[in-house]
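Asks: Could you put together the complete structure from these sequences and hints?
Residue-level listing of the chains:
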Amino acid sequence: MKEIFKALGNVVIKMPQGFYVTFKHLFKKPVTLDYPRKKKPMAPRYRGKHYLERYDDGTERCVCCGLCAAACPADAIYMEPEETEKGERKARVYEINLLRCIFCGFCEEACPEEAIFLGQEYEFSADDRNKFIWTKEDMLVPHPRKDNPFKKILRRVRKVYGTPEATR
Amino acid sequence: MAIEEKDLHINMGPQHPSTHGVLRVELNVDGETVVRAKPVIGYLHTGIEKTMESKLYYKAIPCTDRMDYLAPMSNNLGYCLAVEKLMDIEVPDKVKWARVCLAELTRLNSHLVWLGTHALDLGAMSMLLYAFREREMILDIYEACAGQRMMSTYIRIGGLAKELPSDFDKRVRQIIKEIPDRIDDYETLLTNNQIFINRTKNVAVISAEDAINWSLSGPMLRGSGIKHDLRKDNPYSGYENFDFEVPIGRNGDAYDRYLIRLEEMRQSLRIIEQCLDGMPEGPFRAHVPGVVLPPKEDVLHKMESMIFHFKIITEGFPAPKGAVYAGIESPKGELGFYIQGDGSNKPARVRVRPPSFINLAALPALTEGHLFSDVVCAIGSIDIVLGEVDR
Amino acid sequence: MATETKKDTRTAQQAPTVTLTIDGQEVTVPKGTTVLEAALGMGIHVPTFCWHPKLKSVGACRMCYVEIEKMPKLAVSCATEAMDGMVVHTDSDLVKRGRKAVIEFILANHPLDCPTCDKGGECDLQDLTFKHGFDDSRYDFLKMRFTEGAVHTTFDDVRIGPEIILNRNRCILCYKCVRANKEAFGEYDLGAFERGNITEINAAPGREVSNPFSGNLVEICPVGALTNTDWRYKIRVWLTKQARSICPFTSSGTNTLLWKEDHQQKIFRCTSRRNDDIDDGWIADVTRYGWSYVMAEDRLQTPLVKKEGKQVPVSWEEAIDLVARRLTEIDDTKGNVCIGGLINPQLDNESLHAFNKFMRVTIGANNVDHRLDYPMLPAQGDTAYSILSSQPFSIADIDTSDVIVSFGSDMLKEHPNEYLRMRKAYMFRQAKVFTINPYAVKNADIASVDVVYAPGTDEIVVNAICLAAIEEKLVDAGRAAGLKDKIVPNSAAEAAETAGVELDDIKIIARSLADGKQVTFLVGELVARCAEREPIAAAIANLNRLFGLTDKGQVARLARYANSKGAEKLGLTPFPAPEVKAKLERIFGGWPENEALTTDKMLVQMNKEAINAGLVVGANPLLLYPDREFARECLERLDFLVVCDSFETETTAIADVVLPLASWAEYAGDYVNLEGRTQHAEAAIKPRFHSRPALEIIEQLARAMDKPLFESADERRREVAEVLAAQAVLPWPNDYFEVSFDNAAADSEYTIPVFVGDDPHHAGHLTEKSPSLSNFVSEAYVEMSIELAAKLDVKAGDSVRVESEAGKVIVPVKVSDYLDTDAVFLPRNFSSAQVNSLLMRKKRVNRVKITRVAD
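Taken in order, these protein sequences are the chains called A, D and P.
Numbering-wise (this note's numbering), the first sequence opens with residue 1 and increments by one.
Numbering-wise (this note's numbering), the second sequence opens with residue 1 and increments by one.
Numbering-wise (this note's numbering), the third sequence opens with residue 1 and increments by one.
The set of hints was computed from the structure by calculation and includes no laboratory data.
Each hint should be verified, as a subset may be incorrect.
Stretch-level coverage of chain D by chain P, calculated; a stretch enters the list once three of its residues show a Cβ under 8 Å from a Cβ in chain P [unchecked claim]:
1) 301-307
2) 310-318
Taking lysine-lysine and the DSBU-like style, the derived pairs with C-alpha atoms no more than 30 Å apart in a straight line are [claimed, not checked]:
3) P:K442 / P:K849
4) A:K151 / D:K55
5) P:K143 / A:K86
Ideal placement from N, C-alpha and C gives every residue a C-beta, glycine not left out.
Replies: See the structure below:
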């Protein structure tokens, strides 16, 4: 009997309270965004499409050392180095296969030259498998660059022969 | 021609909205009564354990994200604790506190999704919207910390991937402020909702004895009145420093489990608040040469750090021979990692004790002899994630 | 600083021993062993940078610190001799601190080059820092930096040799390269300069590091200071896999690793795989860089068939069908004897055996030979030369010999590995080395006596030694009985005069041969390639019998090519050794009736149009046969010529069908080195383009002719094993040979003796396609002594016309400081200069005249 009364109470009193909660939301500002017309700003650390940094003088930071490829848990990175006329090491081929990439950010973490970063872009669907292979040209930031780098760069010179204290 | 009387054989799933993934349940029903329920798994099998065995220790962390994708940080934590135990690494207090905080946020995250989907299964559409709205706040924190909303890969062996973001405190306090009210809203919507009560009360009941025999853990176990929580019983990552209650149920039915999960969310908020208040200063990574990456600034300027960075990235670190098991109280129950090191830089064996998998095994016990429509409720109340069940 | 000579284990067993305790374990080692070696022998890891097992210790890096009780400080274990009762700790806290400090000092000036450095991933410095160092630095001063004046590149790299790049900033001054260069290779083109903080390793002033072993310097460098250009900025080491291979260019079968990448199907480099029985971990540059011809883009890609005078690409099926049809046709119309087969002895055992079976069973002709570059081969099998060639030989025995004679052998050019072994015996065991050659050779610098005899008097020199021994009564009179009557001239003095050598030198050699406890007598290509090789071999047989050399050492003619020995043992010659022939007869179910023809005879028969079809596998007789015009004439007369090769060569140009041949790196095969040791080489990559291994081609041909060679691969392998197991060593005769001598007078016009052989950086006809080796030497030259250059009034680099009766070539001059007679040397490896056109096959000594080409 007690059960039945309680149930009745629930139906008569408690359930309308629930309806009120729902009803309240009619007058609240929607939390959804009108995507794709409006976009949410991504966090500064967001791990989106990769980009390759340059030095201030426009030369590529990447020396094709292979650490990103070594750190990549999905083996998404393929690279082939070459020698420039000045005898420097640089990437001839640098490709990331988006279809393999899991955006874990290990490449960014591994890079000892602060060359590769994961950027803010996340809309890169395409209708062809080949378009998911990003080459170096696709990823290098334009020079001169239009916007400030998203991520902080700790070393601005190509070659260090000492700690920051020493170079100071 | 004689008509043979046989049970009706029904396949529920693997493409069924209420199976929470690609679970298939082979049901034999006699009228409306379930005679036999047999969960069939493996549709999402990705060989994560084996994949982890073929990867360097640090490279296996992203694999853990993909098991219980609703609780990535818990998985990260479980794996990292196991490796740290194997390598005998003690992490700084700040890391412990931050990990607890993140793990509890993850519990909130996981329970919110459970609440939304479970209620949806039982016909309460708006719950899904509300729960996912609140989850968004947590995902934003994940994004601010790690850069991704789901596959965080934030907790690392020996610490965290990066320093906690500067607005971490502010964001989390926002959650602490807002979510209790929201939980009250959920209670208003469901706890005394007669439809919900009818669908859950005395449904999918499991006795305390059976729960232990089925090796259940998490809310499934506590719902039957067993007070077992690894955070209290076998504290890890500094849980002994926090003050919280472990809620238990009485009947062991779906309704009790619902109540427990709601209470756990409140307790999680308590822990998170204590975390924020007591967050110690210090480095976000332990300093263990040869295992934990040196700071990036040193890598760019010091030869020794460069070499260590280079070697850790390319070759990883050799773990000693031996086996460890580290279990944590994940949102779904006891998540354990058993790792066998063979002296090389890759684990010889990784075995995960996934709570969803083991809890799911009790599905026949929960449903056989009961109504067909209760199967949905039973699956929902177990709280499974097929990514974890199949691995 | 103590410098310990490494003792060989064989003698060490007799030497006194000491007993010491290392890390609580007692160990007994021969006296003179260093603490480091004792520890390493027990399997205890002691880190080192500067120590190398095959070099003397210097104690330069201090990394091998150990704690020895009762010693006041940490001791450098590589320079501390083990003593009785020593108690050594290699893992105490003090040692660990010491190592940390050493690493810290070494890294104080080390640039942050890991990302750009090719050594990254296999760098000793990285590994030992990771293992023994600390991950933070206490130094915050600027690092030292060497730059190269105006030629300032970002990474301060200097090219110091054709294939070596030096970065002195990375150098940790272990001196391994300088020491190896000096101690192991006897080269002085690399040195350490300046002192103190600015000490640097660099090429000797005005020189470049281009010695034939320079690649080893890169390999032993513990850091990235010396790097190879062929590996530079190509791939990371952890992405590569290794195939265990064998050197196909020298006959030693030095063990190598081919570093390959499976997805790209590319080979990236070749390094040594130390096998103390063979190579000590040193490999010649030709071995190290020769692989790159495999990756050359101008390789033959498809079969070519001559249609209306032009070679056009066709499919394999068409080519094989055509060859099978034409061979059957010729067989039917003119008889199977009308088909001749030549095969390159650089191919693997199974290919050789398949070829043998194909020629002798499928075709049914006895015309098989692998000796393409030897003129006038003997017409029967049981000659002194065959006996000499079949003698067993062990490389490791060179180490322990106390007397080593190299006769008629330019070891550096022909047998670089044995050359190093001789140097090792001299450097580490003070062995007596004698060189007896018609022209001065590079290893003369370690020779106690270097005899340079007049070209064409080879057997007289050997006779002179025998005569001197008899005259000086150095040998048993009974033993010597009967020899003097059989050889010319009558006295040692006369012989010495005929040969143009000092009698005293001859006496010293005779005495050493008589007194030596273990003698190694090596006979090289200058004898083998000589048209009059038979009397020389007879003279050597006499010498062997007189001194009893085989009883106390070894007398051997060194096989020249990677599988020459295998070809001999597999019966790829017209006259296989009796046991081999018996085995083959059983396997083949018979033996062809016709007269067995050597390369030489085959060419003659071709010239007479008695042989109408030729099958040449992997060889280029037009470049290597010592009479180009004759070879060309003969091969051109053929109705049908099939040539399998990896590249377009002179010989493929005149072929009717050209089949692209896979290189040794593209299939797995067994090779028999000059010791008779069978070694396996793994395939590194799949055959490139549409090339196929020789074995596959031959088997397909046989199948197309409806006479399959083998029922299964197992059968093939069983047959090869069976033949190889046959005893191929021919016994020395029980009597002395007669040795006559007919001194041919020199022409009036052509006066300068000419020797044609391999350049030290090349071997055979394929290596010129290797870009790396071409960086060392890319064109033919005429090498002459300073005196001759002065006499002819030419300088290094001048173009000269070298003319003989047979032909002429125009090549630049190379002046060598070690040549000291009138003889000149020309390398035969380059198709641009047809050096073998200077030679005439019947002539014992070819002579040329050299005139300067007006600019």
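Asks: Could you run down the list of hints and mark each one as holding or not?
Replies: Right, here's what the structure says about each hint:
{"no.": "1", "hint": "301-307", "result": "holds (count 7)"}
{"no.": "2", "hint": "310-318", "result": "holds (count 4)"}
{"no.": "3", "hint": "P:K442 / P:K849", "result": "24 Å, holds"}
{"no.": "4", "hint": "A:K151 / D:K55", "result": "29 Å, holds"}
{"no.": "5", "hint": "P:K143 / A:K86", "result": "22 Å, holds"}
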